[in-house]
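Chemist: One letter stands for each residue in the lines below.
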Amino acid sequence: MGELQLRQISVAYGGRRVLEDVTATVMAGALTGIIGPNGAGKSTLLKAILGLVPRLRGEVTYGGSRLRREQVAYVPQRQGVDWQYPATVLDVVLMGRVRAMGWYRRFDRRSYELAQAALEQVGMEDFQDRPIGSLSGGQQQRVFLARALAQEGEILLLDEPLAGIDLKNQGFIVELLQGLAGQGKVVVWVHHDLGAVLRHCDHLLLLNRRLVAAGPPRLVLSPELLRTAYGEGLMLAEAA
Amino acid sequence: MGWLLEPLQFEFMQQAVLMAVLVGTLGPVVGSYLLVQRLALLGDVISHTVLPGLAIAFWLGGNIYVGAFVAGVLSTLLMAGIERFSRLKADTAMGIVLSGGFALGITLITLLQKHNRIDLSHFLFGNILSVTRGEVIATGVVTLVVLGVIRLFYKELLFYTFDPLGAAAAGLPVNHLHWGLMMLVALTVVMSLKAVGVVLVIALLVTPAATAYLVCQQLHQVMLTGIAIGVLGSVGGMYLSYYLNIPSGPGIVLLLTGFFVVVWLGLNLTKGINPSL
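Quick mapping for you: the protein sequence lines, in order, are chains E and P. Take 1029 as the starting number for the first sequence in our numbering and just add one per residue. Take 131 as the starting number for the second sequence in our numbering and just add one per residue.
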C-alpha cells in the first residue's frame, strides 16, 4: 500500500498547454474523483500518469518510487473502442492478462481463473461466451472493469466509467469502486458531470488545466471553487 | 469432375492451384486485422504503391518482389508522416499516397515497356496461370512466416487491435505491433500480386474476411472462415481464368464478391423471416 504522488505534471498538445503544474497526492484506500469542465485535461491527466502522452515535465511516483505501468489497471473510455469487434466477453477480460503472461505464451489456468473471478465480481459470469457486440452500455463497462480486475493492478485509473450508463449500473459500479478502495487500492476516476454520485468519493481533484482544489467533496463542491473552475456559465446552467 | 481435374495435368495449373490456396489463406488472415481496425483502405493504398517499387527493382535488375515490398512499407511511412506533420486526416493522406504512387508506377512501367518485355497488365489484373515454381515457393515461405508470426503474437494483436489505448497503458509496445502488422500487410499484398493484381488485391484482403465477419463472433473464427472462403474463391477464380480466358484477378474477385452477397442477403432474408436471428 502506498500513495500516488503527482509532481508538477505539465502536458502540451501541438504547442497548447493542456495541463500546467499539477501536483497532487492520491491516497490508497480512498476513492478519488477527478472533475472539471470540458477540456480541463481530466482524461489527459490519467494518460499523463501512465505516460501515454508525453509529459513536458513532472513525475509520478507510487510508494516513493517511479510508477511502473504494470502497477496500473487502466479503464479507457468505453466509447473509444469498437464494440462490434469479433470477440467474446471472456476474450476481452483475458486481455487484462496479456502483459502478465508475457510474450509467446498462451493464457494459463491461473489467467482463466482470474478472469472468471473478475467476471463474478462484476456480476457478468453468465455472459462470458457472449459476443461483446450484444451487450448494453452498462454491461460493456462491467466487462471493462472485469478486465481491469483481472490485471491485478494496485492502482485503478478509470476514464468516465459512468458515461452513458443507466442509474442501476452506475450505482453498481460506484459501489464496486468503493469496495476496491476499501481493499487498499488506489482508485481514481474521471467523472464528466457534477452529479450527486460525487458524494460517494472520499477525495476530489477539481481540475481546469491547473489543479483548482483538492479535498473531500463537501469542501471541493463549494460554489466559489466550482465557479473558479467552471466559470460563470455553470451557475447560469444551473439556474436554467 | 473431368473439368476440375483435367487442367491439373499441366504443371502450370498445379502451380496455379497451389498459389491460389496460398493467397486465399494469406489475404483473409491479414485482412481480418485491417477490417477490425477500420483500415481496409490501407490495403488498397499499399497495393497501388508497390508498383513503382516493382518497376524500379526491375529496371535495376533486382528482385521485383523485394522492390514492391520496400515501396509498400515506404508508402505506409509516408502516410503516417503526412498525418503527423500536417492537419490532414488519414483518409486524405491515403488518397494522396495511393494515387501518386499508382501514377508513378504506371509511368515507370510504361517507360520500361518500350525497351523491355514487361507486361503491365499482369501486375494490374493478375495472371495466376503464369506463376513460376519459384514464386510459389516464395509465397509458401511467406505464408508460413506470416501465420507463424500471427500465432506467436495473437493475444497481443487481439488486445492492440481491439483497444490500442488500453494495450499501450498495459505496457504493450503498440508502435511495434502497428508496424509489424503493416509489414504483414505489405508482404501479403506483394505475394498476392501475381494472382489478383494491384488493383484488386484489396478484395482478397477485405471481402473474405468481411463475409466471415458477418457470421463469426471471434477473431480466430473470422480468420479460419475467411481462409475457407478465400481459398474457395481463389481456386474457383483460377478455373474461371482458365476456361473463360480472362485475367485471374477479376475471376477471383467476382467469386469472392458473389460469396459475400449470398451470405449478406441470406442473413438479411432469414432475419426478415425470423427477427430473433
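If you are wondering where the hints come from, they were derived from the structure by calculation, not from laboratory data. Every residue, glycine too, gets a C-beta built ideally from N, C-alpha and C. Take these hints with a grain of salt, some might be off.
Chain E stretches covered by chain P per the calculated footprint, using a threshold of three residues with CB under 8 Å from any CB of chain P [said to hold, decoys possible]: (1) 1050-1061; (2) 1097-1107.
Just a sample of chain P residues kept apart from chain E, beta carbon distances all over 10 Å, derived [said to hold, decoys possible]: (3) 188; (4) 223; (5) 230; (6) 234; (7) 286; (8) 388.
Chemist: Over 10 Å to the closest beta carbon of chain E is the bar; see if residue 234(P) clears it.
Modeler: 32 Å, holds
Chemist: Count the residues of the region 1050-1061 of chain E whose Cβ falls closer than 8 Å to any Cβ of chain P, and tell me whether that reaches three.
Modeler: violated (count 0)
Chemist: Do three or more residues of the region 1097-1107 of chain E come closer than 8 Å to chain P, measuring C-beta to C-beta?
Modeler: Coverage by chain P holds here, the residue count being 6 at a Cβ distance below 8 Å.
Chemist: Run the C-beta distances from residue 286(P) to all of chain E and say if the shortest one exceeds 10 Å.
Modeler: 6 Å, violated
Chemist: Determine whether the non-interface label on residue 188(P) survives the test: each CB of chain E must be over 10 Å from its CB.
Modeler: 39 Å, holds
Chemist: Just checking, residue 230(P) versus chain E, shortest CB gap more than 10 Å?
Modeler: Non-interface label stands for residue 230(P): nearest chain E Cβ at 26 Å, farther than 10 Å.
Chemist: A cut-off of 10 Å on Cβ-Cβ distance, and residue 223(P) was said to be off the interface with chain E. Does that hold?
Modeler: Holds, since 17 Å exceeds 10 Å.
Chemist: Beyond 10 Å on every Cβ pair: is that true for residue 388(P) relative to chain E?
Modeler: Per Cβ check, residue 388(P) is outside 10 Å of chain E; nearest 23 Å; holds.
In terms of the numbered hints stated before, the structure departs from hints 1 and 7, listed from lowest to highest.
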